[in-house]
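Visitor: These are the residues of each chain, in order.
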Amino acid sequence: MSKVKYSKEHEWIKLDGDVATIGITKHATEMLGDIVFAELPEKGSSVEKDGTAGVVESTKAASDVYTPVSGEVVDTNQAIVDDPSKINQDPEDSAWFFKLKIKDPSEMDTLMNKDDYDKFAKETSA
Amino acid sequence: METKKTSLYQLHQDCNAKFVEFAGYQMPIQYSEGIVEEHKFTRNHSGIFDISHMGQLFIYGGEDLIKDLEKIFPLDLKNLKLNHSKYSFLMDKDAGIHDDLIITKIKEGFLIILNAACKDNDFKILKELLGDKYKMVMDENRSLIAIQGPKSSEILNDVINGVKDLNFMSGNWFTFENQKVYITRSGYTGEDGFEISIVNDFVHQLTRELINKGSKLIGLGARDTLRLEAGLCLYGHDLDKDKTPVEANLKWAISKERISKGDFIGSDIIIKQLNDGVSKIRVGIKPEGRIIAREKTKIFNQSDVHIGEITSGTFGPSVNGPVAMGYVENEFSKKNTKVFLEVRGKKHPASICSLPFYKKSYVKGVN
Numbered sequence: 000m001s002k003v004k005y006s007k008e009h010e011w012i013k014l015d016g017d018v019a020t021i022g023i024t025k026h027a028t029e030m031l032g033d034i035v036f037a038e039l040p041e042k043g044s045s046v047e048k049d050g051t052a053g054v055v056e057s058t059k060a061a062s063d064v065y066t067p068v069s070g071e072v073v074d075t076n077q078a079i080v081d082d083p084s085k086i087n088q089d090p091e092d093s094a095w096f097f098k099l100k101i102k103d104p105s106e107m108d109t110l111m112n113k114d115d116y117d118k119f120a121k122e123t124s125a
Numbered sequence: 000m001e002t003k004k005t006s007l008y009q010l011h012q013d014c015n016a017k018f019v020e021f022a023g024y025q026m027p028i029q030y031s032e033g034i035v036e037e038h039k040f041t042r043n044h045s046g047i048f049d050i051s052h053m054g055q056l057f058i059y060g061g062e063d064l065i066k067d068l069e070k071i072f073p074l075d076l077k078n079l080k081l082n083h084s085k086y087s088f089l090m091d092k093d094a095g096i097h098d099d100l101i102i103t104k105i106k107e108g109f110l111i112i113l114n115a116a117c118k119d120n121d122f123k124i125l126k127e128l129l130g131d132k133y134k135m136v137m138d139e140n141r142s143l144i145a146i147q148g149p150k151s152s153e154i155l156n157d158v159i160n161g162v163k164d165l166n167f168m169s170g171n172w173f174t175f176e177n178q179k180v181y182i183t184r185s186g187y188t189g190e191d192g193f194e195i196s197i198v199n200d201f202v203h204q205l206t207r208e209l210i211n212k213g214s215k216l217i218g219l220g221a222r223d224t225l226r227l228e229a230g231l232c233l234y235g236h237d238l239d240k241d242k243t244p245v246e247a248n249l250k251w252a253i254s255k256e257r258i259s260k261g262d263f264i265g266s267d268i269i270i271k272q273l274n275d276g277v278s279k280i281r282v283g284i285k286p287e288g289r290i291i292a293r294e295k296t297k298i299f300n301q302s303d304v305h306i307g308e309i310t311s312g313t314f315g316p317s318v319n320g321p322v323a324m325g326y327v328e329n330e331f332s333k334k335n336t337k338v339f340l341e342v343r344g345k346k347h348p349a350s351i352c353s354l355p356f357y358k359k360s361y362v363k364g365v366n
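Sequence lines, in order, name chains A and B.
Mapped onto numbering that gives the first Met the number 0, the consecutive letters of the first sequence carry residue numbers 0 to 125.
Mapped onto numbering that gives the first Met the number 0, the consecutive letters of the second sequence carry residue numbers 0 to 366.
Everything labelled a hint here was simulated from the structure, so no lab data went into it.
Among the hints, a few may not be true.
Unchecked claim - DSS-like mimics (lysine-lysine), calculated; alpha carbons at most 27 Å apart, straight line:
1) A:42 - B:345
2) B:17 - B:85
3) B:260 - B:80
4) B:215 - A:85
5) B:80 - A:85
6) A:48 - B:39
7) A:42 - B:333
8) B:85 - A:7
9) B:271 - A:85
10) B:345 - A:98
11) B:80 - A:118
12) B:285 - A:25
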């Protein structure tokens with residue numbers, strides 16, 4: 000069974016075998032407001048844990064999207080580039096950002112589980 | 000310094016506003032529906048904006064005041080009819096813009112609506128220029144709200160009968176709950192609408208009645224996307240002391256009659272720029288694709304030479320794409336000129352376009 004983990008930068012990550020699907024949390028979308036632009040990493044590129052791997056913009060401002068683990072980008076979700084409002088509608092499922100073939104599974108251990116993330120999100124937005 | 004609150008603060012809170020500090024005030028940036036929905040609701044229906052942070056400066060006087068104000072503003076004030084409004088600027092001697100404003104002729108003198116961030120400085124400048132000859136009151140006892148969008152005339156007229164007969168850029172005194180309210184047909188969204196000056200104690204009740212008739216509170220976030228789609232300038236971004244009205248492509252707001260005489264502050268530079276042209280000018284910029292080019296984005300020509308900078312840029316919900324304006328060297332200001340915008344280190348194609356991005360639907364009026 001796959002398990003979802005969360006980063007302090009408000010990304011979620013779901014691991015299936017050695018492929019991780021990454022997106023931004025519902026809490027992140029609520030803080031950002033209406034998302035009107037999304038930029039994703041290039042397929043085939045390598046990304047490093049905590050490095051920039053995309054951008055989302057609301058009507059107000061631009062925010063970087065970070066990758067919570069290192070790996071090679073094997074897929075990106077063109078649907079959210081074509082219609083960024085999908086990210087507000089379904090951030091933690093169909094509006095995923097990119098998939099990685101992960102380099103080091105132990106990096107997953109540095110991330111938060113759902114309860115810890117929810118607590119973290121509540122504290123940091125208070 | 001403690002941030003100020005407008006008389007509608009509690010109502011904003013009750014409507015789940017997210018607040019932001021703006022010009023020393025706690026102002027609503029958006030409500031629960033969000034900027035895009037608020038923007039569209041204003042375009043399709045009717046939105047209410049709390050703009051009580053803006054300055055409402057009353058200057059009392061007669062013929063002498065008209066003469067003295069003509070030394071300051073590039074307007075033909077002696078021919079401005081009672082209750083008619085003009086868009087203008089407070090300039091320095093180099094025609095740099097201290098503030099942009101709306102001035103209305105009222106029976107007792109003039110009412111000037113000033114930007115919140117500039118109003119205290121404007122008052123100081125005007126006081127220095129006019130001396131103690133005229134009574135000047137920055138009225139803190141009055142709130143200012145705008146109601147904008149195609150249904151606004153009907154909604155406001157239901158509450159305050161007669162407003163629907165106002166022409167664009169003109170106003171009058173009306174009555175609400177035995178209170179005198181001054182209403183002008185104007186706004187900052189590219190839609191038909193009104194701005195209402197009302198004593199603080201009654202603004203909550205008036206706003207509630209407008210909401211009950213189907214209008215909704217709209218935050219500063221949508222106010223910004225609406226005005227940018229309408230091609231309207233925001234002071235501190237598209238206008239400042241380093242820009243003149245001619246460079247800002249706002250020469251339509253300068254009276255031709257006054258230019259021929261040239262006896263107002265900044266007139267030497269204005270006349271020179273009108274005759275010789277300007278080196279930089281404000282233009283509309285439409286990025287290709289969805290990339291958003293925000294304020295301070297550098298603009299390059301096709302030979303990769305830096306030719307200007309974006310001063311406002313966002314996503315336009317009604318245009319359903321990015322919109323921007325900025326200043327470019329004059330030779331690159333022609334419509335359809337291809338340019339490049341540097342966003343996050345990459346250059347993205349865009350073209351110079353005419354303003355507004357979204358077509359106005361003002362009512363017909365005197366202008």
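Visitor: Next step is simple, just say for each hint if it's right about the structure.
Guide: Results of checking the hints against the structure:
no. : hint         : verdict
1   : A:42 - B:345 : holds, 18 Å
2   : B:17 - B:85  : violated, 33 Å
3   : B:260 - B:80 : holds, 21 Å
4   : B:215 - A:85 : holds, 25 Å
5   : B:80 - A:85  : violated, 52 Å
6   : A:48 - B:39  : violated, 39 Å
7   : A:42 - B:333 : violated, 38 Å
8   : B:85 - A:7   : violated, 52 Å
9   : B:271 - A:85 : violated, 52 Å
10  : B:345 - A:98 : holds, 24 Å
11  : B:80 - A:118 : violated, 62 Å
12  : B:285 - A:25 : violated, 31 Å
Checked against the numbered hints given earlier, this structure breaks hints 2, 5, 6, 7, 8, 9, 11 and 12; the rest are met.
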